[in-house]
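Trainee: Build out the structure end to end from the sequences listed, making use of the hints.
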Amino acid sequence: MALQAASLLPPAFSSITKEGKYNVSVKDSTLFGLSFSDHLKAHFTTSALTCKRGYSKEMGLVRAQQTMETTTPVVMKGTREGKKTLRKGSVIITGASSGLGLATAKSLAETGKWHIIMACRDFLKAERAAKSAGIAKENYTIMHLDLASLESVHQFVDNFRRSGRPLDVLVCNAAVYLPTANQPTFTAEGFELSVGTNHLGHFLLSRLLIEDLKNSDYPSKRLIIVGSITGNTNTLAGNVPPKAYKDSKVCNMLIMQEFHRRYHEETGITFASLYPGCIATTGLFREHIPLFRLLFPPFQRFITKGYVSEHEAGHRLAQVVSEPSLTKSGVYWSWNKNSSSFENRLSQEASDADKARKVWEISEKLVGLA
1133 MALQAASLLP
1143 PAFSSITKEG
1153 KYNVSVKDST
1163 LFGLSFSDHL
1173 KAHFTTSALT
1183 CKRGYSKEMG
1193 LVRAQQTMET
1203 TTPVVMKGTR
1213 EGKKTLRKGS
1223 VIITGASSGL
1233 GLATAKSLAE
1243 TGKWHIIMAC
1253 RDFLKAERAA
1263 KSAGIAKENY
1273 TIMHLDLASL
1283 ESVHQFVDNF
1293 RRSGRPLDVL
1303 VCNAAVYLPT
1313 ANQPTFTAEG
1323 FELSVGTNHL
1333 GHFLLSRLLI
1343 EDLKNSDYPS
1353 KRLIIVGSIT
1363 GNTNTLAGNV
1373 PPKAYKDSKV
1383 CNMLIMQEFH
1393 RRYHEETGIT
1403 FASLYPGCIA
1413 TTGLFREHIP
1423 LFRLLFPPFQ
1433 RFITKGYVSE
1443 HEAGHRLAQV
1453 VSEPSLTKSG
1463 VYWSWNKNSS
1473 SFENRLSQEA
1483 SDADKARKVW
1493 EISEKLVGLA
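Residue numbers (the numbering used here): 1133 to 1502.
In case anyone wonders, no lab produced these hints; they're calculated from the structure. Be careful, since some hints might not be right.
[Said to hold, decoys possible] With a straight-line Cα cutoff of 25 Å, these simulated SDA-like cross-link-like pairs (lysine to any residue) come out:
| no. | residue 1 | residue 2 |
| --- | --- | --- |
| 1 | K1269 | R1219 |
| 2 | K1346 | S1461 |
| 3 | K1269 | E1259 |
| 4 | K1220 | S1461 |
| 5 | K1245 | S1352 |
| 6 | K1346 | L1458 |
| 7 | K1346 | E1398 |
| 8 | K1245 | G1400 |
| 9 | K1245 | N1271 |
| 10 | K1220 | G1409 |
| 11 | K1460 | H1396 |
[As the list claims (entries may be wrong)] What follows is a list of derived Cβ distance ranges for each label pair:
| no. | residue 1 | residue 2 | range |
| --- | --- | --- | --- |
| 12 | E1343 | A1268 | 21 to 31 Å |
| 13 | S1441 | D1254 | 21 to 31 Å |
| 14 | K1460 | R1489 | 16 to 26 Å |
| 15 | A1268 | E1397 | 29 to 39 Å |
| 16 | E1283 | S1472 | 36 to 46 Å |
| 17 | T1459 | G1296 | 22 to 32 Å |
For clarity, every value in this text was computed on a predicted model and none was experimentally measured. Even glycine gets a Cβ: it sits at the ideal position worked out from N, Cα and C.
Mentor: This is the structure in structure tokens:
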């Protein structure tokens, strides 16, 4: 299994060292009365979320670039009858320059009811992608965000707030997938790249922007974290490598539920995760071996019947963003063969409330919020 049920934390937290930027010591945490460090020695072996030894505090961090949209945000306006017409919704989508993120941005933009903030590492790539997808200029803003740098996350939030736009929905979509890596790579702060980007970067972003979501006057505020079948260990795909990516997805789904428990009743924000289907042709698999990229799409299309196009997957994620019928909080959404949404069942591991609380608390320390 990706994570052992006997441990309260995903193996992704297994080799955190004291060299990390925020000087978090594993000796500060305990599991069942045992020191976290002793527990690590006994049970954990994976290197995901490892702080790179010898990490230099002088390491250059990727700086966010401020990008301001010139159009004025749409506001609530009174009609002649004295009624109010709803302004456009404002949604941030991470990783919106390709794949699922771009398809979702396109689907939402086509409704004319949303302004999309495309939060991406490569500004020019995102601009070309938006233009190629036919997204009208007035329907999107591109802002720099590198989830592998916690400093970049902070700068993105500052820049977004300076833009004056409201935040109605946050979609945590971007992901790093390194299936053939023999050695771990690391984020600016020294965390294993997959978990540092997919989980910790999104966790910090969500925690910082929760106040903006609270302040939204939109009728249905939502925070959506894209999950994966690989993070659900009650499936075949949840029990095969690569481990770091799977651990990051388990963290994503645990954190979604913890957000729900901590904030939904107080704020009315809908918290949800989803698996839109297997997008076998997505660029997420670009690091895989050529033979896999050749055979995986027809395997999913004709054998498992689980194949979903980027267009259809984007439409599904857009439904979770905007459909009135999908406002239930704390849900992991999936779709059947008829493309009808349903509440999927999470594995015991990915729905463990105590584990979710522990992941939350340690994540807070790692990103400097505790």
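Trainee: Compare the structure with each hint and give your call.
Mentor: Hint by hint, here is what the structure shows:
1. K1269 / R1219: This hinted pair holds, its Cα atoms lying about 17 Å apart.
2. K1346 / S1461: Within the cut-off at roughly 15 Å; holds.
3. K1269 / E1259: Holds, because 10 Å separates the two Cα atoms, which is no more than 25 Å.
4. K1220 / S1461: holds (22 Å)
5. K1245 / S1352: Given pair K1245, S1352 holds - Cα atoms ~13 Å apart, limit 25 Å.
6. K1346 / L1458: Holds, because 19 Å separates the two Cα atoms, which is no more than 25 Å.
7. K1346 / E1398: Roughly 9 Å between the alpha carbons, so the hint for K1346 and E1398 holds.
8. K1245 / G1400: holds (21 Å)
9. K1245 / N1271: Holds. K1245 to N1271 sits at ~9 Å (cutoff 25 Å).
10. K1220 / G1409: violated (28 Å)
11. K1460 / H1396: OK: K1460 and H1396 at ~10 Å, within 25 Å.
12. E1343 / A1268: 21 to 31 Å: holds (30 Å)
13. S1441 / D1254: 21 to 31 Å: The hint (21 to 31 Å, Cβ to Cβ) holds, given that S1441 and D1254 are roughly 24 Å apart.
14. K1460 / R1489: 16 to 26 Å: holds (22 Å)
15. A1268 / E1397: 29 to 39 Å: Roughly 38 Å apart at Cβ, these two residues keep to the hinted range, so it holds.
16. E1283 / S1472: 36 to 46 Å: Because 43 Å falls inside the window, the suggested range holds.
17. T1459 / G1296: 22 to 32 Å: holds (27 Å)
Figure legend: structure checked against the earlier numbered hints; the only hint not met is number 10.
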